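Q: Sequence:
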Amino acid sequence: MNTAPLLKRLTVKYLPFADAGSEGFPLSEILRLSLFQISVGMATVMLLGTLNRVMIVELYVPAMIVAAMIALPVLIAPFRALLGFRSDTHRSAIGWKRVPFIWFGSLWQFGGLAIMPFALLVLGGDTLYDFPYDGEILAALAFLMTGLGISMTQTAGLALASDRASDETRPRVVALLYVMFLVGMGVSALVIGWFLRDFTPLKLIQVVQGAAVVTVLLNVVALWKQEQVRPMSREERAAPRPLFRDAWADFMAGGQAGRLIAVVALGTLAFNMQDVLLEPYGGEILGLSVSATTLLTAAWAAGALVAFAQSARWLAQGRDPYRIAAVGLLAGIVAFSAVIFAAPLDSAPLFFAGAACIGFGGGLFAVSTLTAAMTMPATGTAGRGLALGAWGAAQATAAGVAIFTGGTIRDAVAATSLPDTLGPATGYSMVYHVEIALLFATLAVLGPLVKLGTYRKPETETTKPGIGLAELPT
1 MNTAPLLKRL TVKYLPFADA GSEGFPLSEI LRLSLFQISV GMATVMLLGT
51 LNRVMIVELY VPAMIVAAMI ALPVLIAPFR ALLGFRSDTH RSAIGWKRVP
101 FIWFGSLWQF GGLAIMPFAL LVLGGDTLYD FPYDGEILAA LAFLMTGLGI
151 SMTQTAGLAL ASDRASDETR PRVVALLYVM FLVGMGVSAL VIGWFLRDFT
201 PLKLIQVVQG AAVVTVLLNV VALWKQEQVR PMSREERAAP RPLFRDAWAD
251 FMAGGQAGRL IAVVALGTLA FNMQDVLLEP YGGEILGLSV SATTLLTAAW
301 AAGALVAFAQ SARWLAQGRD PYRIAAVGLL AGIVAFSAVI FAAPLDSAPL
351 FFAGAACIGF GGGLFAVSTL TAAMTMPATG TAGRGLALGA WGAAQATAAG
401 VAIFTGGTIR DAVAATSLPD TLGPATGYSM VYHVEIALLF ATLAVLGPLV
451 KLGTYRKPET ETTKPGIGLA ELPT
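For reference, each letter of the sequence shown is one residue, going 1 to 474 in the working numbering.
Since the hints were derived computationally from the structure, they do not count as laboratory data. Take these hints with a grain of salt, some might be off.
What the hints assert, rightly or not - Listed next, the in silico SDA-like pairs over lysine to any residue satisfying Cα-Cα at most 20 Å (straight line):
id: 1; residue 1: 225; residue 2: 60
id: 2; residue 1: 225; residue 2: 163
id: 3; residue 1: 225; residue 2: 107
id: 4; residue 1: 225; residue 2: 23
id: 5; residue 1: 225; residue 2: 48
id: 6; residue 1: 203; residue 2: 187
id: 7; residue 1: 203; residue 2: 48
id: 8; residue 1: 203; residue 2: 103
id: 9; residue 1: 225; residue 2: 26
id: 10; residue 1: 203; residue 2: 122
id: 11; residue 1: 225; residue 2: 28
id: 12; residue 1: 203; residue 2: 419
id: 13; residue 1: 203; residue 2: 189
id: 14; residue 1: 203; residue 2: 192
id: 15; residue 1: 203; residue 2: 220
id: 16; residue 1: 203; residue 2: 121
id: 17; residue 1: 225; residue 2: 32
id: 18; residue 1: 203; residue 2: 337
id: 19; residue 1: 225; residue 2: 100
id: 20; residue 1: 203; residue 2: 92
id: 21; residue 1: 225; residue 2: 433
id: 22; residue 1: 225; residue 2: 104
id: 23; residue 1: 203; residue 2: 115
id: 24; residue 1: 203; residue 2: 193
id: 25; residue 1: 225; residue 2: 122
id: 26; residue 1: 225; residue 2: 115
id: 27; residue 1: 225; residue 2: 58
id: 28; residue 1: 203; residue 2: 213
id: 29; residue 1: 225; residue 2: 91
id: 30; residue 1: 203; residue 2: 214
id: 31; residue 1: 203; residue 2: 58
id: 32; residue 1: 225; residue 2: 103
id: 33; residue 1: 225; residue 2: 166
To be verified - Restraint-style ranges between C-beta atoms, simulated for each label pair:
id: 34; residue 1: 221; residue 2: 323; range: 43 to 51 Å
id: 35; residue 1: 78; residue 2: 194; range: 32 to 40 Å
id: 36; residue 1: 201; residue 2: 405; range: 16 to 24 Å
id: 37; residue 1: 404; residue 2: 91; range: 22 to 30 Å
id: 38; residue 1: 187; residue 2: 65; range: 23 to 31 Å
id: 39; residue 1: 416; residue 2: 62; range: 36 to 44 Å
id: 40; residue 1: 421; residue 2: 206; range: 22 to 30 Å
As the structure is a computational prediction, the values presented were derived from the model and not from experiment. The beta carbon of each residue, even a glycine, is placed where N, CA and C say it ideally should be.
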């Protein structure tokens with residue numbers, strides 16, 4: 001009896017991600033390409049988590065300077081559209097478009113992480129020399145280099161995955177790449193935290209530069225043989241390239257792309273204003289311990305993972321990604337309402353449920369809007385790299401603005417007499433109410449896109465029900 005067909009059917013039915021592959025882009029190559037998301041997740045943990053704490057606690061750097069350094073990579077985000085466009089139109093002798101950008105993005109990421117520990121030690125005053133603003137300049141350079149590397153690698157990597165995936169499997173590939181990004185963040189946080197449990201300047205240098213080396217190794221493995229060699233003649237390479245402004249005009253023609261960018265920016269702003277406030281809210285208002293509030297990240301991640309599985313399932317069934325984004329926005333409204341009511345009800349379970357629902361709503365919104373950008377039809381000189389770059393620029397810029405705005409609103413309200421009158425949760429509650437208002441505004445902007453109904457499930461003979469990533473039981 002030949003058991004190979006049976007084993008193949010069982011694998012596709014029960015193993016996560018098994019149905020994300022296609023004939024031109026098998027699962028093994030998808031998983032290998034997704035390693036760039038692991039490296040990006042590791043760098044993100046470095047910038048937003050580990051180094052944030054090290055600078056403030058161990059190196060005694062003022063919090064305002066730390067916040068400025070962490071915000072610097074956001075300055076690179078608006079250029080993601082340009083980076084994506086350049087990867088669309090890049091010409092080389094061997095015909096590669098995406099791989100050179102992934103490679104040079106890896107080098108920028110490596111360079112930023114390589115010099116970062118020394119820059120932070122100088123910033124913390126651990127040096128025999130004292131030049132004006134030497135630490136600030138070096139640290140700013142390291143953070144900018146790392147941010148540029150992240151933007152270049154992620155934009156080109158997502159565009160390459162979109163190029164290689166079939167119409168049928170593209171939604172599952174998107175969800176898989178998002179899951180790998182979360183895996184990279186989670187595993188990196190545990191490993192880096194374990195290595196730095198007994199902090200010394202030497203350990204900081206070893207860990208951060210070790211992460212730089214791992215970044216290059218992961219990305220080299222990820223891009224190996226992912227793009228076909230298509231030799232170009234000298235005349236083809238010398239031909240005039242399309243201009244970015246022309247491609248941008250083509251991309252924005254018809255209003256659908258511009259509205260999608262507005263939806264991404266507004267929705268990201270709505271979901272991310274609470275990023276720096278949930279744990280303080282749990283500790284200050286609900287009296288939760290440090291270990292209890294740490295579990296909020298796990299609750300958020302669990303909700304996000306469920307959202308990735310559910311969104312891939314719905315997209316595989318041919319549902320409109322804009323309608324899925326609307327479901328995510330509605331879930332966000334329910335989530336922030338639960339967080340608000342957790343204070344007067346003094347209910348920690350309601351608070352954790354709200355945190356998980358925030359992850360669920362944000363996950364649905366992110367995957368569906370990214371899928372809409374990846375499947376947006378090319379117009380004129382506008383390619384997928386430009387669309388994905390525009391999505392990344394809107395998402396990353398809005399996330400940075402949201403974090404700053406959320407903290408500012410909370411502090412501004414706390415400085416007034418309102419907390420004495422309405423209770424200590426007033427500052428936090430104000431932020432959550434603003435987020436709910438922004439979610440309603442996003443729904444209003446999203447409405448015409450849902451009406452357009454431009455997304456359709458690809459009709460192929462191989463389309464059939466399964467489990468895998470698209471059908472994970474939720």
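Q: It remains to establish, for every hint, whether it holds in the given structure.
A: Now for the hints, and whether the structure bears them out:
Note on residue 225 and residue 60: the hinted pairing is violated, with a Cα-Cα distance of about 46 Å set against a maximum of 20 Å. The straight-line distance between the Cα atoms of residue 225 and residue 163 is roughly 14 Å, inside the 20 Å bound, and the hint therefore holds. For the given pair, residue 225 sits about 18 Å from residue 107 by alpha-carbon distance, which is consistent with the 20 Å threshold. A threshold of 20 Å between alpha carbons decides the hint, and for residue 225 with residue 23 the separation of about 16 Å falls inside it, so the pair holds.
Distance check on the hinted pair: residue 225 and residue 48 sit about 32 Å apart at the alpha-carbon level, beyond 20 Å; violated. In summary, the hint linking residue 203 to residue 187 is supported, as the alpha carbons are separated by about 19 Å, within the 20 Å threshold. Proximity of residue 203 to residue 48 is assessed by CA-CA distance (about 19 Å); at most 20 Å being required, the pair is judged to hold. Between the alpha carbons of residue 203 and residue 103 the distance comes to roughly 28 Å, so the proposed pair goes past 20 Å and is violated.
At most 20 Å may separate the alpha-carbon atoms for a hinted pair to count; residue 225 and residue 26 meet this at roughly 13 Å. For the hint linking residue 203 to residue 122, the alpha-carbon distance of about 15 Å falls within 20 Å, and the restraint holds. Restraint check for residue 225 and residue 28: the C-alpha separation of about 12 Å stays at or below 20 Å, so the hint holds. For the hint pairing residue 203 with residue 419, the CA-to-CA distance comes to about 43 Å; that exceeds 20 Å, so the pair is violated.
A threshold of 20 Å between alpha carbons decides the hint, and for residue 203 with residue 189 the separation of about 16 Å falls inside it, so the pair holds. Taking the CA atoms of residue 203 and residue 192, the gap is about 10 Å. The hint holds against a cut of 20 Å. Restraint check: the Cα-Cα separation between residue 203 and residue 220 comes to about 26 Å, which exceeds 20 Å; the hinted pair is violated. Note on residue 203 and residue 121: the hinted pairing holds, with a Cα-Cα distance of about 12 Å set against a maximum of 20 Å.
Using a Cα cut-off of 20 Å, the hinted pair residue 225 and residue 32 holds, with the two alpha carbons roughly 10 Å apart. Between residue 203 and residue 337, the direct Cα distance comes to roughly 43 Å. Violation of the 20 Å bound is thereby established for this hinted pair. Of the pairs offered as hints, the one joining residue 225 and residue 100 holds, with about 12 Å between alpha carbons and a cut-off of 20 Å not exceeded. About 41 Å separates the Cα atoms of residue 203 and residue 92, which puts this hinted pair outside 20 Å; it is violated.
Between residue 225 and residue 433 the CA atoms are separated by roughly 49 Å; this puts the pair beyond 20 Å, and the hint is violated. Distance restraint check for residue 225 and residue 104: the Cα-Cα separation of roughly 16 Å lies within the 20 Å cut-off, and the hinted pair is therefore satisfied. Restraint check for residue 203 and residue 115: the C-alpha separation of about 14 Å stays at or below 20 Å, so the hint holds. About 11 Å separates the Cα atoms of residue 203 and residue 193, which keeps this hinted pair within 20 Å; it holds.
Under the criterion of a C-alpha separation no larger than 20 Å, the hint pairing residue 225 with residue 122 is inconsistent with the structure, at around 41 Å. A distance of roughly 30 Å separates the Cα atoms of residue 225 and residue 115; the hinted pair therefore is violated under the 20 Å criterion. For the hint linking residue 225 to residue 58, the alpha-carbon distance of about 43 Å lies beyond 20 Å, and the restraint is violated. The hinted pair formed by residue 203 and residue 213 meets the criterion: a straight-line CA distance of about 15 Å does not exceed 20 Å.
Distance hint between residue 225 and residue 91 is fulfilled; the C-alpha atoms sit about 18 Å from each other, no more than 20 Å. As the CA atoms of residue 203 and residue 214 are separated by approximately 16 Å, the hinted pair is consistent with the 20 Å bound. Between residue 203 and residue 58 the alpha-carbon distance is near 12 Å, which keeps this suggested pair within the 20 Å criterion. Annotation: proposed proximity of residue 225 to residue 103 holds, straight-line Cα distance about 13 Å (limit 20 Å).
Proximity of residue 225 to residue 166 is assessed by CA-CA distance (about 18 Å); at most 20 Å being required, the pair is judged to hold. Range check, residue 221 to residue 323: about 37 Å between beta-carbon atoms, so the 43 to 51 Å window is missed. Distance hint check for residue 78 and residue 194: the Cβ-Cβ separation is about 36 Å, which falls inside the suggested range of 32 to 40 Å. For the pair residue 201 and residue 405, the beta carbons lie near 35 Å from each other, so the given range of 16 to 24 Å is not met.
Remark: the range hint 22 to 30 Å for residue 404 to residue 91 is contradicted by a beta-carbon distance near 39 Å. Taken as a hint, the range 23 to 31 Å holds for the pair residue 187 and residue 65, whose Cβ atoms sit roughly 29 Å apart. Checked against the hint of 36 to 44 Å, the C-beta distance between residue 416 and residue 62 comes to roughly 25 Å, which is inconsistent with it. For residue 421 paired with residue 206, a C-beta distance near 52 Å fails the hint of 22 to 30 Å.
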